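Chains W, R and L supply the protein sequences, listed in that same order.
When we follow this note's numbering, the leftmost residue of the first sequence carries the number 1, and every step to the right adds one.
When we follow this note's numbering, the leftmost residue of the second sequence carries the number 1, and every step to the right adds one.
When we follow this note's numbering, the leftmost residue of the third sequence carries the number 1, and every step to the right adds one.
No lab work stands behind these hints: they were computed from the structure.
This list has only true hints and no planted wrong ones.
30 Å max Cα-Cα, derived BS3-like pairs, lysine-lysine: (1) Lys213/L with Lys2/W; (2) Lys126/R with Lys421/L; (3) Lys217/L with Lys2/W; (4) Lys150/L with Lys139/R; (5) Lys213/L with Lys139/W; (6) Lys374/L with Lys139/R; (7) Lys126/R with Lys213/L; (8) Lys130/L with Lys139/R; (9) Lys126/R with Lys202/L.
A quick note: this is a predicted structure, and the numbers were derived from the prediction, not measured.
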Amino acid sequence: MKLVIAMLMDGVIYASWLFVIAAGLTLIYGVMRILNMAHGSFYAIGAYGGASLVGFYLAGGYPPWGAYFMLLGAALIGGTVVGLLIERGLLRMMYGRDEVVMILVTYAILLILEDVIKLIWGVDAYFAYQPYTLLGRTKLAGLSFANYDILLIFVSALICFVLWWGLNRTRKGKLLQAVIHDRDTAAFLGINVTRMFTVTFVIGAVLGALAGALTAPGISVMPGIGVEVIILAFAVVVIGGLGSVGGALLGALIVGLARSAAVHLYPDAELFVIYGVMGLVLAFRPQGLFAIATARKI
Amino acid sequence: MKYATTMIVGAGIALLAAGLFMPGWLTFLLTLAFAKGLVVMGLLLLMRAGLVSFGQGLYYCLGAYCVGIAGDYFETQNALLLLLLAIVVCVALAAVIGLLLCRYRDIFFAMFSMAFSMILYGVLVKSSAFGSSDGFNVKPPLLFGWTPTGESGPFLAYGLAVVALVGVGIFVWRYLRSPMGYAGEAVRENEIRVEYLGASVRRIIYTKYLLAAAMAGLGGGITALAAGHIDPEMAYWTTSGEFVFIALMGGVGHAAGPVIGAVLFELLRTYAFQISPYTWQMILGIALLVIILYLPKGVWSLVERVTKGKPL
Amino acid sequence: MFIPFAKKSALVGLLVASAVAQPVLAADEYKLGLVTFLSGGAAGPFGVPAQNAANLLLETLNEGALPAPYNAKGINGRTIKPIYVDEAGGATKQSSEYRNLVERQGVDAVVGYISSGDCLAVPAVAEELKTLTVLFDCGTPRVFEDNSFKYVFRTGPTTTMDSVAASYYIKDIFPNLNAVSGINQNYSFGHESWADFYGSLKGLQADIDVPTKQFPKIYAGQYGAEISALMVNSADVIHSSFWGGDMEAFLLQGAARGLFEDQTALLTTGESAMYRLSDQIPEGTILGGRGPFGIYAPDNALNRWFRDAYSKRFGTQPTYPAYKMVQGILGLKLATEQAAAKVSGQPTTEDVVSAFEYLEYEGPGGKVSMNMGKGHQASMEMVYGRYALKDGKPAVTDVRRYAAECVNPSDDMPANEWIEKGMPGAKCN
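Starting from the given sequences, assemble the full structure and let the hints guide the process.
This is the structure we're talking about:
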């Protein structure tokens, strides 16, 4: 029983972490058809921004609960600034290129941002563990879990709900869906696709930065953390079906649970789990679990 | 056709002769660049058919490990034998994986091929017999009883790389002008029409996948012989990404593109390391962006613009 | 077809010509190649502290302001000029960069390499180019077990002693030891650390139980599931060779969930985190520093100078990579100067090599004996202690020192074989 609860909790916590990272990635792909490797940099910028903002804030002697707002603020500011700069300054010159070329463009951005981060923050690790330890822990079947991690599950669910609501229940979201399904027709019908692209990219960047900011309290923020999460996020998104938010959720859950099962039952398999799951899903659903229908070229 | 072949051979001989006068570091750098060029030439075949593999590291690494392991196990250091083995093993694996992979397109092909290379990476990291992530050293190669020592050691690997490059270069150049070669572009443009014309899209892709695997295995084998050390990093996704990087840098319009791309990439990276050890990644990133922006068909398009009289 | 190829050859020719042009060397300069991680996850904890230490040391050496016997200027009177290279890119890339350092930049010697993979790949090139090379930090014992090299020295001890000493230490501290769990990174260093630790512990106590051993991916950052697994399968001691950010993340996440309340963590590289996370490390955690470095360093003139100068300049205490870098450069300096004393003019590389072999010298971490690997591999004592706060300041208690002959194999035996045979010939007191 203890084992089952541990497996479930670990799996869901890991999945909620994965989902926050993958959500922005899949959104950007869905709308813009860009598999954005620079998403890892957004994550890193969020983490660095969050850690240093929390550091400044707490050094000023303000009430500690405000640190959570610092994390959110860092994500919002960092994601918006970097997202706008990259989309307006660079990507718009490249629209219409091959998907592969766009991957490489975002890879180049990742390389550049990696060094920009180093120039701003240096290579020494940053810590902001106060928000992580402040909430204490909960005992479940004899096992302690950090309340911060449990909170992360709810935050992740909230993000998922907001994205679903925004896409399906608002006018702007419906317009965005039109762009996702057929960019040219949408433009033809008078939707300002360029604006949509900018807004989507900024939202995606903020989500990426948010993932980093939310992760920062539990880790040591250091160079290279962004690169590490990209492939994880790619795998989740591919399993779920590129461009689908629901797919990212399901992909994150599958990967999270499979990984935690491996860690508890057969630790040697931990490294293979994610690729094994991806292979298995693709073998049966070559386009991922929730693929967006595309027209065939004849 | 014959004229071109003579010219490629001539260029190879010139490169070999130049190798006698080059400083050692350049010989080594070019050897690695040519080995990568071989891998990217295979990638070029796939990319012209619209398929981008983010997993060529699988065969690059497998080829290298074949050379390393066989060298230890069979106690042979005959370079040709080892390279042949690397190619055979890679093609054999590709024959199995290819059956599955040639059903996939676009990003799914890319990700699935990457998954396979990451699985090899995981297996190698777990195998302490092969030194886990530290890898192990490969014995220096021999060629028909010629045991190069000291200074001539790097030259043997360089020579092998040049010869392989000439051979593969002639093959790819001819292949791209054959019906099978043109079929690649047809597949990229419209698969259904290709099928209507009576050709099998699957077979076209499958063949190209096997060829690409053979070239990547050869490149990996040469890298192992030249570097004298191999590790699982060769199968990591960043290595595969580097090949795509090189392909786009050099351009996939011509068989020479990958070679130029690889040489340029290696030179760019080593000078970036030297000039700015703290921010070399930024230099690489900016160079890539500049090339994509201003030379969308790669550096090779510069040469083409000159030779075909197009304005720069 | 001809023209493109002519162009191509011309292009290559141009590149060759521009690259061959080499800078002119100043005669009284000693060009020293320094290779450490300047990017990626190993830069913060290892690469940059080592680079900082090198900078500080070289400046002081060039002024001749170091305590004796290192008070001669530069290296044998020659001003040292450092050339830094990032260690990123993997072993093949590093072989290539090594050639560039020697053949393009014309360095006199190279000190560097943190990654064991690089330390396995580079020596073959060093032999080919006959260039003196000092490996300062990497830990795998395989470097001098698989091969013997003439021009390559390693002034840092191997990882074997971290694991062996760790097993002695927990046997000393926990007389009723029943079970140990492990969490180590899924790569060579993690595998070797666990295998050596478990092997030597098994030799000391045959019935030791291992409830779980975890090998998460390096740089994973999220250890929730692993921590649960360690909690479900409880042990007396949790062995971990995590380093840098991974170790710090594991400490933070484990502490927040109370993992260390009834299990003691044994962190073989924990010393490097004790100042940064002073209020997060549970008291009683066993910390190692991969040798007598950092807080475990002896009180000698060199160490006092180093701690003082380093913390003044960089605002933090030096950790073990910084110590090991100093130790590497000082070894090179001493060997060169001892060789120079025997010849007139500057000694040749061969002279320095024979002076370096079986050299014994005092570094900031105490005695370094180049008595393994046919005189090319250093051995040192190993120290463990338990973390404690003294007057609110990070410190260690229960410090135990293990002599070099106790925790290192005798010269002719590979480390894993030595451990398997129950560590014959170990002289412990």
